[in-house]
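Protein chains in written order, with the numbering used here: chain P, 2 to 325; chain B, 9 to 312; chain R, 555 to 812.
Worth flagging that the hints you see were computed from the coordinates, not collected in a lab. One or more hints might be untrue.
Each computed SDA-like pair below joins lysine to any residue, with the alpha-carbon atoms no more than 25 angstroms apart [as the list claims (entries may be wrong)]: (1) R/Lys562 / R/Arg647; (2) B/Lys35 / P/Pro115; (3) R/Lys670 / P/Asp22; (4) B/Lys35 / P/Arg202; (5) B/Lys213 / B/Phe306; (6) P/Lys116 / B/Met40; (7) B/Lys213 / R/Asp697; (8) P/Lys142 / P/Pro284; (9) P/Lys142 / B/Leu291; (10) B/Lys80 / B/Ser250; (11) R/Lys670 / P/Gly21; (12) P/Lys142 / B/Leu70.
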Amino acid sequence: MAEEVTGSSPPAKSQGRRRGDGIFRSMTTGSSLAIVVSIGLIGLFLLIQAVPSLNANNINFFTSPEWSTGDVGNLRFGIRDLLVVTVLSSLLALAIAMPVAMGIALFLTHYLQPKFARPFAYIIDLLAAVPSIVFGLWGAKVLGPSLEPIATFLNKNLAWIPLFSDGNVSLSGGGNIFTAGIVLSIMILPIITAVSREVFRQTPVMQIEGALALGATRWEMIRTTVLPFGRSGYIAGSMLGLGRALGETVAVLIILRSATSSSTFSFFDGGYTFASKIASAAPEFSEPLSTGAYIAAGLVLFLFTFAVNALARYVAGRGKAKAS
Amino acid sequence: MTATLTDPNRPAQTPAFQKISPGRQFKNYLAMSLMGLAFLVAVIPLVWLLFTVISKGYSALLSGDWWGKSLKGVLPEQFAGGVYHALYGSIVQALVCAVIAVPIGILAAVYLVEYGNNGRFARITTFMVDILSGVPSIVAALFVFALWVTTFGFETSAFAVSLALVLLMLPVVVRSTEEMLRLVPDELREASYALGVPKWKTIVKIVLPTALSGIVTGVMLSIARVMGETAPVLVLVGYSRSINFDIFSGNMASLPLLIYNELLNPEEAGQLRVWGAALTLILLIMFFNLVATVISRFSAIKTK
Amino acid sequence: MAKRFDIKDLNIYYGKFHAVNSVNLAVPPRNVTAFIGPSGCGKSTVLRSLNRMHEVIPGARVEGKVLLDGEDIYASNVDPVEVRRTIGMVFQRPNPFPTMSIKDNVVAGLKLAGMKNKRELDEVAERSLRGANLWNEVKDRLDRPGGGLSGGQQQRLCIARAIAVQPDVLLMDEPCSALDPISTLAIEDLITELKKDFTIVIVTHNMQQAARVSDQTAFFNLLGVGQPGQLIEVDDTEKIFSNPSQKATEDYISGRFG
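With the rest of the complex left out, here is chain P (with noise of 0.2 angstroms):
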């Protein structure tokens, strides 16, 4: 043994080493390049199977709520309107969800003891943990006709302002925007929540215990020193969230209600999201150029998705970049 140990290196138990290392080295370098070569994929596939449709489209893909795939011969299909009804109902669901949030973030890290914090941050991941399809059912089954009173108030005496105008659909069942964006804002609290936690339980505690020490309220403490701290985290987790609600599938799909004319950008429209649509069509993905209309509409998501994404992640890493 000694003796082994001890003398010049034997070559070729070091190469056999070396080769180890070579070896397992580009097993996880593999894996690395299998996971960025896949968004490249992603991206390339929906876009070889996007052209030839976009191209048999005799309509303007993207200003035209048209869409009718049925004859190859004659495509014509745009995302005017699966557009507006995504944005509008993600921007609803963030709207509700982030102050939401940043209260139930601010709750748990500065004024639950800790020793609650866990099990309460506990209660908040079990919405993460309820299937989409979960949401879906509940939204479209419970929750809308609960909220149809709410609707019919909100439409009535606010219809001057168009977003609670008459939408496209009827209100009764509440298979509309209103009831979609409330159910998507409770899907990505989780999300929000998490993040902005995190970053506001990294305050550094020097910080904290100067304002505290010259009279700080806990409310001024936190305006003076958490909420500029997170705030780019809070941000962040906000454009996760964001994504989460953009991309949301089966949810919506199972609450909206499909209107036969176009959005009228009001939260009462009913219709589909680029993801719904794509699901609602999918059992009759057969004919390719029928198929490619679908996809493009998918790369259009996934773009959308993708610059979200990337903004939060800059977002996030230009406050890391301030902290330290």
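Starting from the known structure of chain P, arrange chains B and R on it as the hints suggest.
Only chains B and R this time, still in chain P's reference frame:
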């Protein structure tokens, strides 16, 4: 403060402590109440939803055939059979996905922590993992459809679903594994190097075992996450009312797909099946979450 | 078993930063050499370069020669893994492997190198634990995790682990800085015993410790902020502590600075 000092009704002796003005105090309490309220606002839908699913679905779970039978030959208006076929599909699709995604995810995380040195390629990988975690499940499904079905010409199948789920599981596994590997103290790596252990063996025998429980926890959570995904099964596999063991061909049920299909059944029996399956799905996901929590208790790394 | 070190014109860089300037030093076998000096003077860096542990840090590189019984450990055909098997190291903070039992910790180096014979491993474990003065304290709980031991016991466990692979040289990087005085004493006694079999180089912040355990002492110093660390002088410990030839050494030892 000056207001208090000039107050003609002030006590003869100044108080020991300077009082906070009522406005500041009010704002402080208001902020606190709003935050507590925000928490309640989030708890209400959770409780409401869970209550709805449990109260509407529990009776289905108590029926004798629920766990052991499929819906083969069961009429829409008849409450009989069970979700055995869908349970099988959900679990198998998630496990096949895990078999592919877990090794790739762990190796990629090892690259990021042990080899990447925060170099250019490591930063690109981290960025792409972030992007991948934001890819909507419907886009992942569409991509697999474009690749597997349209380009390669395979039929839609449970395996295609698993492929789409891989894209959704990978970022979760990479992130959680990366986080766990970074918690392993460098001192352990150095101790191993100082004993003359090569780097790859140090990673395989020292670093990974130390982080093991955390990694397994992350894997369990990621399995729970993909089990709830509906979009890939809607696009990539047909629904079947009977059991199909073959992941490479034919239709295969899963719990989300069963719920989606039975939703179109207006009969009472169909609705009972819908809520029952929803409850079953939640329980299944909770089970994996619970396993994850239990495993994380046995962590070898002290995080304090 | 024990071998001699000859360090010739050793320069160490981190990227562009010149960390240590031109060290020349001879470490005789079966002898304890202590490195002392103020924080940041490069003594730990020099120590780590003696078994190529500094290579773990990206950007670190070395110029010059480190000869172990005449063989350069930086020669192009030498694998750093082989170097580290020959030159063991004990770290500032005890770092037993948390997933392994006490016994597995001791024989970790051999097991990872592929030794499977259980009887032989048991023998090595006992021999090494006895060598580290730990056997009597842990012989009844060899299968328990190493993390359950006290700090001092953990450090002796790490020493047992280091000597189990039968190195020729033991490098110790402030091995007692995280320990209480009683554990420190136990380690110091152990060092005195280990010197019969090993060449030992120890970095310490504690001058009494250097005086107690070492035969030869090397004093490192910084000439200024941003300047590389320097070896000021090296001599018999007794001479360094009674009658150093350099003014800086005398100032440091008498506590006038550092």
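Hint-by-hint comparison with the structure:
| no. | hint | result |
| --- | --- | --- |
| 1 | R/Lys562 / R/Arg647 | 29 angstroms, violated |
| 2 | B/Lys35 / P/Pro115 | 24 angstroms, holds |
| 3 | R/Lys670 / P/Asp22 | 22 angstroms, holds |
| 4 | B/Lys35 / P/Arg202 | 22 angstroms, holds |
| 5 | B/Lys213 / B/Phe306 | 18 angstroms, holds |
| 6 | P/Lys116 / B/Met40 | 18 angstroms, holds |
| 7 | B/Lys213 / R/Asp697 | 18 angstroms, holds |
| 8 | P/Lys142 / P/Pro284 | 24 angstroms, holds |
| 9 | P/Lys142 / B/Leu291 | 20 angstroms, holds |
| 10 | B/Lys80 / B/Ser250 | 5 angstroms, holds |
| 11 | R/Lys670 / P/Gly21 | 19 angstroms, holds |
| 12 | P/Lys142 / B/Leu70 | 23 angstroms, holds |
In terms of the numbered hints stated before, the structure departs from hint 1 and from no other.
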